[in-house]
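**Student:** As you go down the protein sequences, you meet chains A and B in turn. Note that our numbering numbers the first sequence so that position 29 is 29, with each residue one more than the last. Note that our numbering numbers the second sequence so that position 141 is 141, with each residue one more than the last.
By construction, these hints were calculated from the structure, which means they are not laboratory data. There may be inaccurate statements among the hints.
[Stated by the list, open to error] With a cut-off of at most 35 Å between alpha-carbon atoms, the simulated DSBU-like pairs for lysine-lysine come out as follows:
hint, chain 1, residue 1, chain 2, residue 2
1, B, 200, A, 54
2, B, 87, A, 54
3, A, 61, B, 200
4, B, 24, B, 87
5, A, 61, B, 24
[As the list claims (entries may be wrong)] Some chain B residues close to chain A (C-beta under 8 Å, calculated; not the full set):
hint, residue
6, 79
7, 134
8, 168
9, 181
10, 185
Glycine residues also receive a C-beta, built at the ideal position from the N, C-alpha and C atoms.
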Amino acid sequence: MAMTMTIERVMAFMGLDVLVARDEGLFEAEGLDLRIAALPPDEIRSAAEGTPSKPATNQGKLQARGAAQMFQA
Amino acid sequence: MIVCAALVVPPTSTVFAPQELAHKRVALDYGNGTAYAGLQMLEGAMPREAVTTCAGATSPAERFAGLMRGDFDATVLQEPWITVAEKAGCRLVSTTFFHGTWVANRDVSTEAYAALLRAITRAVRRINADKRQYVSYFIRDWSSHSEVAVLGPDDFNLGRIQLKEPGPIPENEARWAWEWMASWGLIEGAFDVTTQINRKVEREAHALATAVRAG
């Protein structure tokens, strides 16, 4: 049975390796069903709403509520 | 993945070197790695009290637009917006690189993490063998933006696209990053490696993934 893992959405600038591995079937070849979850658009906040000590970041939101196991910081 | 971040000024700016950004408004996407990289570039060029930042949008497209409108004096950008900015005549006054780091919860098994590491290691090798083939990913992320859609693979500086096979997090680097953030008031408390890095899962997963590294 394949292992499953859900990660938060990555973009090329910080996750090119993940995107290529997904598109070229490298996770599948390792028996890993890797799913990439995106935050619903209405939950996305801009960093412009934050301050240095209280940033309005979107990273980790899905993980915090159990909808993803990993995210990239 | 190694992330490239650049401090960028508009074509009309009188700033040519990072120290000339002292007391000038630099838009940072607070809470993101690029913002911390921007802060480190500024800190390396001037006294802390001269570092002047303002809140920038998470989207580099919006930060680039704000830069060109003159909303602030400089901003930090990542690819493909560094390339877009250069094509628009903007100048990079400082460039740096930083590690993207995976944050995992306790549900991640050693076996699944090892499989992830093996797949990523293979991907890194493929990309490093022919980076130009893969820069289309940077364009694809932002293809609805005309400034990006017109880019071609030859427009990219491949030196800014760096990938490294994944490895364990060095404790001294994790500690330094924590203490640096604490020194800016961005994080509280003392660094405790046992609460930040699950060395057992990390060690076992990397051991399981070793075969692909050797192969």
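**Student:** Is the interface hint for residue 185 (chain B) satisfied, with its Cβ closer than 8 Å to some Cβ of chain A?
**Tutor:** holds, 5 Å
**Student:** Do the alpha carbons of residue 200 (chain B) and residue 54 (chain A) lie within 35 Å of each other, as the hint requires?
**Tutor:** Holds, at roughly 32 Å.
**Student:** Let me know if the C-beta of residue 134 (chain B) comes in closer than 8 Å to any C-beta of chain A, holds or violated.
**Tutor:** Holds, because the Cβ-Cβ distance from residue 134 (chain B) to chain A comes to roughly 6 Å (cut-off 8 Å).
**Student:** Hint validation: residue 168 (chain B) versus chain A, beta carbon distance must be below 8 Å. Holds or violated?
**Tutor:** With a minimum Cβ separation of about 16 Å from chain A (threshold 8 Å), the hint on residue 168 (chain B) is violated.
**Student:** If you draw a straight line from the CA of residue 61 (chain A) to the CA of residue 24 (chain B), is it 35 Å or shorter?
**Tutor:** holds, 33 Å
**Student:** With 8 Å as the cut and Cβ atoms as the points, is residue 181 (chain B) at the interface with chain A?
**Tutor:** violated, 10 Å
**Student:** Should the interface hint for residue 79 (chain B) be scored as holding, given a Cβ-Cβ cut-off of 8 Å against chain A?
**Tutor:** holds, 5 Å
**Student:** Are the Cα positions of residue 87 (chain B) and residue 54 (chain A) separated by 35 Å at most?
**Tutor:** Holds, at about 34 Å.
**Student:** Does residue 200 (chain B) lie within 35 Å of residue 61 (chain A) when you go C-alpha to C-alpha?
**Tutor:** holds, 25 Å
**Student:** Is the straight-line distance between the alpha-carbon of residue 24 (chain B) and that of residue 87 (chain B) 35 Å or less?
**Tutor:** holds, 24 Å
The structure fails hints 8, 9 (numbered hints given earlier, in ascending order).
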